[in-house]
Amino acid sequence: MLTDLSLVEARDGLRRRDFSAVELTEAHLDAVAALNPRINAFITVSADMARTQAAAADAALAAGEDRPLLGLPLAIKDLFCTEGVRTTAGSRILEPFVPPYESTVTANLLRDGAVFLGKANLDEFAMGSSNMTSAFGPVRNPWTRRGDNRPLVPGGSSGGSCAAVAARMALGATATDTGGSIRQPASFCGIAGVKPTYGRCSRWGIVAFASSLDQAGPVARTVEDCAVLLGSMAGFDPKDSTSADRAVPDFAAACRRGVRGLRIGVPREYRSDSMPPEIEAMWQQGLAWLRDEGAEIVDVSLPHTKYGLATYYIVAPAEASSNLARYDGVRFGRRVEGEDLTDMYERTRAEGFGAEVRRRVMIGTYVLSAGYYDAYYLRAQKVRALILRDFTDAYAQVDALLTPTAPSAAFAQGDKMDDPVAMYLNDVFTVPASMAGVPGLSVPAGLDGQGLPLGLQVLGRPFDEETVFAVGAVLERAAGFRHLPAIWAGAPA
Amino acid sequence: MSGVIEGRDGPWEMVIGLEVHAQVISRSKLFSGSATEFGAEPNTQVSLVDAAFPGMLPVINGECVAQAVRTGLGLDAHINMVSRFDRKNYFYADLPAGYQISQYAHPVVGAGSIEIELADGSTKRIGVTRLHLEQDAGKSLHDQHPSKSFIDLNRSGIALMEVVSEPDLRTAEEAGAYLRKLRTILRYLGTCDGNMEEGSMRAGVNVSVRRHGEPFRTRCEVKNVNSVRFVMQAIEAEAARQVEVWESGGTVEQETRLFDPARGVTRSMRSKEDAHDYRYFPDPDLLPLVLDEAWVAGLRAELPELPDAKRARFVAEHGLSAYDAAVLVADQETAAFFETVAAGRDAKLAANWIMGDFFAALNRTGRGIGDSPVSAAALGQLLDLLANRTINGRIAKEVFEAMVDTGESPASIVESRGLRQVTDTGAIEGAVDRVLAAHPDKLAEYRRGKDKLFGFFVGQVMKAMAGKGNPALVNETLRQRLSA
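In order, the protein sequences belong to chains A and B. Residue numbering for the first sequence follows the numbering used here, beginning at 1 and increasing consecutively. Residue numbering for the second sequence follows the numbering used here, beginning at 494 and increasing consecutively.
Everything labelled a hint here was simulated from the structure, so no lab data went into it. Backbone N, C-alpha and C fix where the C-beta goes; we use that ideal spot for every residue, glycine too.
Where chain B lies over chain A, by a calculated footprint (3+ residues, C-beta under 8 Å): (1) 91-101; (2) 192-206; (3) 234-241; (4) 364-377.
Below 27 Å or equal to it, Euclidean Cα-Cα: the simulated BS3-like pairs (lysine-lysine) are: (5) B:Lys956 - B:Lys890; (6) B:Lys956 - B:Lys943; (7) A:Lys239 - B:Lys581; (8) A:Lys382 - B:Lys581; (9) B:Lys890 - B:Lys841; (10) B:Lys956 - B:Lys935.
Please take these sequences and the hints and turn them into a complete structure.
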């Protein structure tokens with residue numbers, strides 16, 4: 001089946017004319033039609049647009065064009081503004097919003113010939129670790145526990161993107177990571193996901209959550225697929241002042257480098273007594289694989305790790321409270337009329353935002369308020385600088401770090417919903433790298449005792465995604481992860 | 494205006510500081526490529542960034558930064574090589590993002606000063622605390638519909654410089670002089686057109702009063718005053734109000750007030766209870782603004798001659814009085830006009846003509862120096878005709894009026910109207926003789942010692958010669974004949 005192919009395999013098949021781009025897209029649209037009612041990975045399916053793009057790709061292929069993503073069907077996280085295609089950010093407040101512009105990252109993908117199947121579900125405004133906060137309903141993880149059909153969460157916030165890729169409804173997807181929103185759902189869904197260095201991909205046209213942390217990246221079923229996608233997504237954009245004016249390396253080539261001679265750090269602060277033994281065992285297994293391939297394993301310290309989560313939950317809501325002020329019902333999106341301007345704001349925002357978004361806007365407003373700013377926001381910025389220094393110090397000794405991606409496998413829909421702090425703990429391993437802006441990757445390394453995928457996280461130096469890909473690819477080969485979820489295109493009925 | 498308010502139980506002193514918002518002259522906005530032209534149809538100069546659409550990001554406009562730095566250099570101020578943009582958060586319908594990008598903690602320009610000139614000829618140096626860049630908001634129109642407000646975002650995102658003074662001003666007159674001087678400097682620099690009627694320069698006035706020698710008391714800010722005259726009136730009104738509050742045993746509360754020019758009073762705009770908490774924090778969409786030493790040096794090298802330097806030069810080079818020089822440099826075009834007229838000529842005469850007949854003609858015709866009916870070159874030619882005695886001073890005034898009316902050159906007016914001065918001694922002698930013969934009684938009186946009739950005879954001779962007699966020759970001839 002065409003949906004069984006990896007992105008690179010599909011690309012090569014198209015080049016060999018084994019099948020057409022239209023056939024490839026139709027196969028994925030069929031999978032979407034069949035599976036999306038159960039998984040809810042897509043908020044909006046843009047089938048007509050996908051068919052038009054696929055036909056254009058076939059024409060381009062016939063004309064001998066060779067663009068990196070020509071004819072490859074992808075899912076686009078519904079946080080990326082797409083011209084003429086509704087963009088909701090998973091929020092009721094943007095339910096009617098159709099952007100008249102294309103985000104830089106998706107424009108780069110279109111430039112390289114990609115086909116867009118539709119807009120992937122997510123936690124509202126990318127705020128969440130379970131995809132339960134979407135105004136368009138939760139996403140179901142295609143994986144289930146062995147002998148237990150209860151629906152599980154795909155993780156978040158890029159849960160729709162990861163579920164779509166895991167269930168083979170798309171070859172790959174765009175995602176965004178603010179505190180773990182690429183890596184944690186990739187781990188929960190048994191796929192690969194990359195959060196590049198802050199500044200590697202333009203943020204222009206991506207609905208902002210926390211501007212100093214938000215970063216776009218790819219998710220796909222292989223590390224190399226992610227490398228190919230990131231190569232198209234990345235690049236300097238003069239429209240984003242925080243985008244890095246650096247050449248985009250050949251990430252796919254880096255996947256073949258191997259790890260011989262690399263020094264891999266094991267941050268001791270990521271160890272805890274409460275870590276499930278299966279995850280500890282998988283971590284050790286990952287280190288053994290790298291050692292077998294010629295890497296040197298080194299213990300390192302990231303002493304401020306324990307402050308990462310608390311700091312993150314000050315900085316990110318603070319920026320969010322300001323970034324979300326524009327959703328006021330005045331110019332676009334949903335408006336609820338009121339008796340006067342203030343009443344209109346209050347009704348619009350009360351009805352437009354869900355509980356988690358309201359919670360974070362309130363936390364953010366609080367930590368920036370006069371009298372609290374110094375104790376919270378300013379202090380958090382200072383700790384953030386220390387966290388960055390931890391990484392800088394560690395990278396003086398090692399080339400990359402290896403940790404588990406998340407402290408658990410996927411949990412059931414509805415779990416942790418009454419305990420925000422327990423929910424926030426999902427990000428404990430991913431948040432420090434977000435705070436430091438360094439690149440990270442999650443690669444599926446095995447299954448836990450209940451048959452659920454677990455991911456390992458590789459962290460690298462700023463703008464050294466190549467080493468991250470090299471390490472990730474070695475782990476992927478060693479793990480030989482071939483397991484299939486319970487729900488996938490082509491699953492026996 | 495003394496700045497001293499006589500209260501019921503003793504005098505009060507005013508303490509005044511000004512916050513001036515000056516719209517930066519630039520083709521596009523501070524963080525977007527939209528045009529900045531004044532008076533365009535509503536919402537025609539709005540980009541997606543200005544309207545704060547999802548995912549839109551600000552990118553700093555280098556020309557606006559250059560304008561702020563030029564202004565800082567013109568105010569003799571410290572240029573901060575690293576500054577930062579912060580978000581000032583508040584909700585309003587004409588503030589699309591829900592925050593204004595401003596510079597709160599780290600402005601691009603630090604301390605500087607402005608020297609003001611007062612009516613008594615004295616000068617005073619007023620401290621400038623800082624200058625920072627920020628975005629303007631849009632405009633709410635409440636008079637377009639019975640129950641709705643309309644929003645025009647053309648102004649949204651236009652660059653403003655906020656120039657904050659020290660509380661160094663002590664009278665409304667000083668405040669007026671400060672504003673006018675700041676406006677002159679901005680116009681010289683070409684960084685703001687200073688047009689208060691169009692709102693491209695707006696003032697906020699901080700006023701408090703105190704007994705002599707006391708520390709500062711609580712101040713109030715009177716916001717958005719849009720003319721120099723209103724600023725001066727607002728200061729007087731607000732200071733008088735505060736004196737009344739203190740003297741009747743009350744306490745002045747720190748608050749923002751508005752000036753009502755029709756009633757000549759200030760009124761409360763918002764009280765402490767609903768004061769905004771702006772939740773300033775560094776804008777994570779923008780990197781710190783880091784300036785390059787060489788770039789700043791380049792801007793400094795290209796600065797025009799500023800009014801203080803020009804005034805000093807006019808005094809030193811052209812021998813003008815400090816007052817005349819100050820009048821001429823108040824406007825860059827006037828100063829340039831003067832220099833063109835004065836080049837190679839009698840500079841004091843040029844100054845007198847410009848400040849006298851020329852300004853009067855502009856006033857009368859309602860024209861500005863830019864569209865003056867008399868060019869600097871033409872005025873210079875007129876002065877040349879005076880200098881080479883083609884015409885005399887009295888005729889020169891007549892020729893000038895004809896130049897204003899017709900736009901013709903002075904030479905052609907003199908020729909076509911036969912206004913050339915008569916220096917032919919025979920003609921003058923003839924006229925003198927005829928005048929003396931026609932006034933035997935006056936001649937007799939003069940001879941008896943009534944010397945001041947000399948002027949009468951001069952007048953009669955000039956009249957007989959249709960004003961064209963050379964005054965020196967007329968005087969000389971008359972004197973000879975009368976003493977004969």
